[in-house]
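Peer 1: Spelled out, the chains give:
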Amino acid sequence: GAVVSQHPSRVICKSGTSVKIECRSLDFQATTMFWYRQFPKKSLMLMATSNEGSKATYEQGVEKDKFLINHASLTLSTLTVTSAHPEDSSFYICSAREAGNRQYFGPGTRLTVT
Amino acid sequence: QQPVQSPQAVILREGEDAVINCSSSKALYSVHWYRQKHGEAPVFLMILLKGGEQKGHDKISASFNEKKQQSSLYLTASQLSYSGTYFCGTEQWDRDDKIIFGKGTRLHILP
Numbered sequence: 001g002a003v004v005s006q007h008p009s010r011v012i013c014k015s016g017t018s019v020k021i022e023c024r025s026l027d028f029q030a031t032t033m034f035w036y037r038q039f040p041k042k043s044l045m046l047m048a049t050s051n052e053g054s055k056a057t058y059e060q061g062v063e064k065d066k067f068l069i070n071h072a073s074l075t076l077s078t079l080t081v082t083s084a085h086p087e088d089s090s091f092y093i094c095s096a097r098e099a100g101n102r103q104y105f106g107p108g109t110r111l112t113v114t
Numbered sequence: 001q002q003p004v005q006s007p008q009a010v011i012l013r014e015g016e017d018a019v020i021n022c023s024s025s026k027a028l029y030s031v032h033w034y035r036q037k038h039g040e041a042p043v044f045l046m047i048l049l050k051g052g053e054q055k056g057h058d059k060i061s062a063s064f065n066e067k068k069q070q071s072s073l074y075l076t077a078s079q080l081s082y083s084g085t086y087f088c089g090t091e092q093w094d095r096d097d098k099i100i101f102g103k104g105t106r107l108h109i110l111p
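Respectively, the protein sequence lines represent chains A and B.
Taking our numbering, I'd label the letters of the first sequence as residues 1 to 114.
Taking our numbering, I'd label the letters of the second sequence as residues 1 to 111.
Be aware that a few hints might be false.
To be verified - Looking from chain A toward chain B, a few residues come up when the C-beta cut is under 7 Å (computed):
#: 1; residue: T32
#: 2; residue: I93
#: 3; residue: R102
#: 4; residue: F105
Hints were generated in silico from the structure; no laboratory data involved.
Predicted model only: the values in this text are computed from it and were never measured.
Note that beta-carbon positions come from the ideal geometry of N, C-alpha and C, so glycine has one too.
Required output: the full structure, derived from the provided sequences and hints.
Peer 2: Here it is as structure tokens:
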């Protein structure tokens, strides 16, 4: 199957700092990528839809100024958590959609804000 | 609209069968099934695009009843490796490619 990578896999940062997470589709071009957030033992909550060359579409309740998304190319989307706080600690997962409608997930990034 | 999954959790013995259901209050374009192991990202199992479609590989299969806006995942002769949390993701006709996931069904297989 298609491969999606995320970097870093784990990050610990201090409260007030910003963290950037990268999501790459390695063997296909993805015009659309998605960012999800998952709390322990909970479902994946869609945060935003990232489209190459245009502004991301955020789900209701997600602060666009806090979670900055950039889809610079057909294989790369980035999520920047700005001025991170402990409540932003979570598992962030990206996914990329291929032409055949399948959506493949990256391995996830575990963010811990101290 | 988040799809509803049932049951919330299942405990089986190796070799037993299980059915996981996923239903939506909205008309669906597609249904996606994923399995997630603890601490890992979800792994794609299958996608169902057409009403009445049934798919499967190995001993895991799924059906999609478009009229009833529901899908079921069937695990036959379960193996220890089937343990994990199963999520259905649904795509509505008016949702611009977005997949919304249910709360998941935790499946635990005992030897």
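Peer 1: Enumerate the violated hints, using their earlier numbering and listing them in ascending order.
Peer 2: Per hint list: zero violations.
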